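> Could you slot chains L, U and A onto chain E? The hints should help.
Residue-level listing of the chains:
Protein chains: 4
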Amino acid sequence: MIPRYARPEAADIWSPQTKFRIMFEIEAHAADAMADLGVIPKLAAETIWAKGRDAVFDVDRIDEIEREVKHDVIAFLTHVTEIVGPEARFLHQGMTSSDVNDTTLAVQLARATDLLMDDVDLVLAALKRRAFEHKLTPTVGRSHGIHAEPTTFGLKLAGHYAEFVRAKERLAMARFEIATCAISGAVGTFANVDPRVEQHVAEKMGLAVEPVSTQVIPRDRHAAYFAALAVVASSIERLATEIRHLQRTEVLEAEEPFDPGQKGSSAMPHKRNPILTENLTGLARLVRSAVVPALENVALWHERDISHSSVERGIAPDATVHLDFALRRLASVVERLVIYPENMLKNLDRLSGLVHSQRVLLALTQKGVSREAAYAAVQGAAMKVWRGEAAFLDLLKADPVVRPHLTDADLAELFDLGYHFKHVDTVFARVFGEG
Amino acid sequence: MIPRYARPEAADIWSPQTKFRIMFEIEAHAADAMADLGVIPKLAAETIWAKGRDAVFDVDRIDEIEREVKHDVIAFLTHVTEIVGPEARFLHQGMTSSDVNDTTLAVQLARATDLLMDDVDLVLAALKRRAFEHKLTPTVGRSHGIHAEPTTFGLKLAGHYAEFVRAKERLAMARFEIATCAISGAVGTFANVDPRVEQHVAEKMGLAVEPVSTQVIPRDRHAAYFAALAVVASSIERLATEIRHLQRTEVLEAEEPFDPGQKGSSAMPHKRNPILTENLTGLARLVRSAVVPALENVALWHERDISHSSVERGIAPDATVHLDFALRRLASVVERLVIYPENMLKNLDRLSGLVHSQRVLLALTQKGVSREAAYAAVQGAAMKVWRGEAAFLDLLKADPVVRPHLTDADLAELFDLGYHFKHVDTVFARVFGEG
Amino acid sequence: MIPRYARPEAADIWSPQTKFRIMFEIEAHAADAMADLGVIPKLAAETIWAKGRDAVFDVDRIDEIEREVKHDVIAFLTHVTEIVGPEARFLHQGMTSSDVNDTTLAVQLARATDLLMDDVDLVLAALKRRAFEHKLTPTVGRSHGIHAEPTTFGLKLAGHYAEFVRAKERLAMARFEIATCAISGAVGTFANVDPRVEQHVAEKMGLAVEPVSTQVIPRDRHAAYFAALAVVASSIERLATEIRHLQRTEVLEAEEPFDPGQKGSSAMPHKRNPILTENLTGLARLVRSAVVPALENVALWHERDISHSSVERGIAPDATVHLDFALRRLASVVERLVIYPENMLKNLDRLSGLVHSQRVLLALTQKGVSREAAYAAVQGAAMKVWRGEAAFLDLLKADPVVRPHLTDADLAELFDLGYHFKHVDTVFARVFGEG
Amino acid sequence: MIPRYARPEAADIWSPQTKFRIMFEIEAHAADAMADLGVIPKLAAETIWAKGRDAVFDVDRIDEIEREVKHDVIAFLTHVTEIVGPEARFLHQGMTSSDVNDTTLAVQLARATDLLMDDVDLVLAALKRRAFEHKLTPTVGRSHGIHAEPTTFGLKLAGHYAEFVRAKERLAMARFEIATCAISGAVGTFANVDPRVEQHVAEKMGLAVEPVSTQVIPRDRHAAYFAALAVVASSIERLATEIRHLQRTEVLEAEEPFDPGQKGSSAMPHKRNPILTENLTGLARLVRSAVVPALENVALWHERDISHSSVERGIAPDATVHLDFALRRLASVVERLVIYPENMLKNLDRLSGLVHSQRVLLALTQKGVSREAAYAAVQGAAMKVWRGEAAFLDLLKADPVVRPHLTDADLAELFDLGYHFKHVDTVFARVFGEG
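Chains as they are written, first to last, in numbering that gives the first Met the number 0: chain E, 0 to 434; chain L, 0 to 434; chain U, 0 to 434; chain A, 0 to 434.
This is chain E alone, in the form it adopts within the complex (with noise of 0.2 angstroms):
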């Protein structure tokens, strides 16, 4: 994990000491199952929790025990013996290591993935005002970063705003996906733990009940949502590179707050740098570097081996955190972001109406001009506004092919902006189901 990529609510989630307290309470609770089933004595169970619920654990004290058993879940209970006391003994029967483990990491990524979804949240909020904002401000359309037709701003920014809800709903299925909880036993047959234990635990940390574990839940659900993870962080990837390119100098259509007092470069005191888009790009990067490694653990080899391990301490603190990062940091850039609509409308007008060239066309071939021969004049004009030769309005008027069926006053017509944008409130309708 990247410190200076991580917010501290989602650092914490994977700090020692959270992690130490939900496989307390994993285990405390699975002591009141049994408890209640008369495998433990009910004084037991109370005494775990009387002694354990307010317990701060001593991370390097378990440390310390582990670097001797060589074992992270009996290092665990033996510190918890030293809180709890005698009583102890009775946590953990017929329990397997991993049962405690997978449970834990299936809060840990549940918890996380509730952040990831408020951050989807402020991250829509935002998207939403800037739309409504500039529903209208016309601004060029762009297809391989060539002037097409006219759109406006607003419904740019709908088209993120609708890609970040199913990034929310990607995300309610991810976090659907690994809210399971294990409690099986060795090789998963319940030999030596109730069904019920589970079914309680699992109520009590608000997860489901995995149906067939073997000792540890299967890996398909965390490449799953490790897959999940990567979509979302393309899709900041989509509007940071959106961003990146209306702040390039030529075009400066938007740009990324700066704030008094910051250095764009210390060598060049002028520049302003879309650098928070761009650590956005490189952050995609990251947290979709966990895709392979996650499936790659899915082929466990039978019951089930600990190659996964290690890969998962590694990807799942760093891929939600630095997720949970950049979905915060992009909230931040699109409400804050500085448009500039009137550099859209020169840029819009930047080749004198050729993005009106649809337009002239399909009016030409309604007057009963062949497609062919239209194309041909309409094409024949734009080439030399790109050549820089004369303006698009005026080579029409003088095109022979043209002239005879459209007037000055049709063609004035043909070059309006509002004829693009009469369905915006379709499309807002369908987004944010308002005009």
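Please keep in mind that the hints were generated in silico from the structure rather than gathered at the bench. Only a predicted model underlies this, so the values are computations on that prediction, with no experimental measurement involved. Treat the hints loosely; a few may be bogus.
The list cannot tell twin chains apart, which means a pair is met if one copy fits it or any two copies do.
[To be verified] Keeping only pairs whose Cα atoms sit at most 25 angstroms apart, straight-line, the calculated DSS-like set for lysine-lysine is:
{"hint": "1", "residue 1": "LYS50", "residue 2": "LYS383"}
{"hint": "2", "residue 1": "LYS345", "residue 2": "LYS203"}
{"hint": "3", "residue 1": "LYS383", "residue 2": "LYS345"}
{"hint": "4", "residue 1": "LYS262", "residue 2": "LYS366"}
{"hint": "5", "residue 1": "LYS69", "residue 2": "LYS383"}
{"hint": "6", "residue 1": "LYS421", "residue 2": "LYS345"}
This is chains L, U and A only, laid out in the frame that chain E set:
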């Protein structure tokens, strides 16, 4: 696409003929809608259907035209004009190539996914049949490749069944992700095409309407799609790996079908190799390789660029066709898997009961022996078994820590396989909804 | 393999006919060696060459046999027997299928790499020619997409040239990695085939001897090979991205060739899109997608399993053929790139000299102004330029911090483009070995 | 970086203190060169070294400054001023942050690679010692997990040795790729910094001069670097997988060291799991996960953007430190691997000589039996052995095809293990340069 790993039914979805057929239907349905809206003559739309409904498209001719005009959709439309006649000029009004291409891809991917879901049904049926057949067949559960505790072969298969139930849900979600229709014109503003055309085509082609397209359908959908396929591929790999392990010479608990006349090796006549499941392992890697480029396709520039296109020409047919092949092959392997219960029993006994070490440990602690002392005693005996010095039961009977607490009858009971199978019904009920 | 991105020369390496030709040569050379060693009759080896040297293999027939015997090499050998007659029984003595298959793959990959290295030579030649053509063409250097300082277009291309020199070295290393011959028999012990046979075949096929094969050539070699191709693909993507940026409407400093008769868009006649470099971006993603499965192929089980085979049937032809196509396309784009020096100058001036901010800053500090004060003054002026309030030079001349230290002549000198080009010769000498 | 998989020597390369130390040295060496060129006073350069040579940098203070100025290199230089005094103003003249950052990263990666190459030496030494120890220890060679033919354990290890020799060459190439120095100023034109400064710093820091930098060192170098590490990681995975297979309960031909006092499982006292090699498998996945983002980092925009930076803050320390840890762990596992030659022999005999089927087949064909008839006879007998019906030798002796051609003595000779080991010396000579 590798022909030897392609079923005709799946490959056909990606044939030029099928693609042109879908493209025609999209254009013709759009023409119907435009005719209803009074944008084009009703007679034109009728003629288009009348001439094109049963047409066979001349793929070579379309290629020939494309070489000239260097544009695939224009080539297609030119050929349609050759088939339909002059009314073809009413096709494609206000539409862009992407409207047709992206919607066609959606139809192809949706159809491919229908096949994949049928394939998963075959895998599920095979797994279920074999799971019930071997519901109580004892076998050793292994963690880390090392004998752990007894389980049943049916439980193993039930776990894979549950995983493929998830695979089917993931495919259903993936289908939902990509089954959308976009007919929104240049940069997605509907400037020259009414949104009701999109609505009509979507209904006719069995798709949802894409809320915001920007000339293209946003590629986060496709990234999510290929990610889902990759997870399914990894589930195949897990089951394939299990079978490969089971067939290892020293294990030989199950074996791929080996047909009369088959030669396992040109050089070594004795060979019977798990080549089908090894092949599935490789195919899983191939299908997964679509994930990264699909993620990289998301961040197109502005309203669209065409960098995604070449990628999808590769991964869309390859990933779907090879996954279809792999699922079918897997279903067949499971269906025909040769299972050796007697070898399972032999392996289970190989360590003279070491797999019962946990039960002995728990029994000792229940008799009041401290966990540490009990662990030391049982581990001590076990290590002698690993070194081949004696049988586990004999060592336990002679152990000074064990003997005072456990009679011969106690120990015999602790070595009972049935103890481990008491919750098989519970798990089967969870997985299959029945015992 | 996607036919539209495949040159015949490259695709032919992977045709069945070529493959069978190489397999025959390996077997026949091995027969020669065996005959020299007295293992098989000299006459047999001679007959094999006599009958097979110019044979055309009947691919359909071999497929037919394979469907029966379910073994590709046996099918091939059976067909060879049909061509050669009974002497064919002396072929393949003590060899395994992998001896033939892996050595054949080595030959195919080596030949494909030869093409790729020739392709890079074309890219290098085009880059060098254009670099010298524009050695001193001024253009703005951009960091973060924002104008930074002046550079020359030749310097830009020199950087890409240096990168493709590295690409060629990487391909040379990659070729070295995979060009090995293994004829070591079952599990690689040479039990039934003399190591001198391997030595002879290696020499004849232009390969090195694999030091230790375990029936297969170790797959770390192939992983390194495809990784090298992926890096080359990324270098293509970098140059393609540069060109796409340069062609953006607002930038338009360079443009892909646009042929007479070409249509940029079916709907918008004015469009001229950088579709070739967008395509190269996509192809780079495709080529890179071979890396992960190739890495996953390394850890075969014990002496070999066959999971790598299906993967390589896909990635070996696809990655090499598409990379070949991409390199050729790139060479052509660079060769024919339309370059607009006047637009470069116009863009360079767009910010009224802001690109000289560092020089002003340094000049002020050299006059004794503290770095902080100088930075504040220059940045202050620059921000006004960004806001469109005034021209940079005017602001500087009026600035109370700047004016006391820099005369009009000083400032004019600081705005001199030539200052930035004084080391172009140095860099060209490093890259091209000449000025 | 995951602390439990990090050796201090490796992690220290990436500590802030080390980074700032390298940054200081680069700046101070650059000052020396500038002083020699008369750009700054000689006394300034001397003072910088005098005050900074043994300075300890206050990392918290630098962080504090960075929070204010939002620029890491400016924060560092500000702190250096606090240490060095006013002469620090002569530092960094005409340089950019990237000059320092990229060259620092080059030094860090080069040092990390030196460690990695030392690590590989340890792996090689361990493999060589064990290979010679078991040069002629018979063991079964397995293809597809199925017994194939006899080999020796030394030959297995020799193959891995040869692979790690390649690993070392790949690391050497990778080091060569990234060990370059760039001090070329804004957009890489050397406008304000003499190329001789770069030359001097490169020499002092043990780097080559980067021929063309564009403010940054081109990222194809780093992509090639991380790709090389990924291949090395995969070679670790192959050997780790081999050991995991050998330790499987049913195989048990080798075993990871199991220390006194170690607990294999908290629940099952009998467990001895190959957790080290499973961990290596996971670490290999982690190290490999750097490849894709490193490839995505190559196509920076124009002269540079900063999207690579966050990625490299993650993958550079993580991949190098975890690979270092993995190589050391692997060396230790190989060094201490417990090898069971008697189990190897037992496994070799498990199929009553089936591993000799090829020899019998070849002997029959040499006696004049057609290959088809011989294959059918030997395969027929073998299949009975698989079914447990009889021993292979007995079946052969009773076989009507075999009996007329092979005497008991012939068959005994065909079952001789030594036959398979006659070329072990050849292979050892190739690999180790000695027998």
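> Decide, hint by hint, whether the structure agrees.
Each hint, compared with the structure:
no. : hint               : result
1   : LYS50 with LYS383  : neither (84 angstroms within a copy, 40 angstroms between copies)
2   : LYS345 with LYS203 : neither (60 angstroms within a copy, 42 angstroms between copies)
3   : LYS383 with LYS345 : both (20 angstroms within a copy, 19 angstroms between copies)
4   : LYS262 with LYS366 : between (58 angstroms within a copy, 22 angstroms between copies)
5   : LYS69 with LYS383  : between (76 angstroms within a copy, 22 angstroms between copies)
6   : LYS421 with LYS345 : within (22 angstroms within a copy, 36 angstroms between copies)
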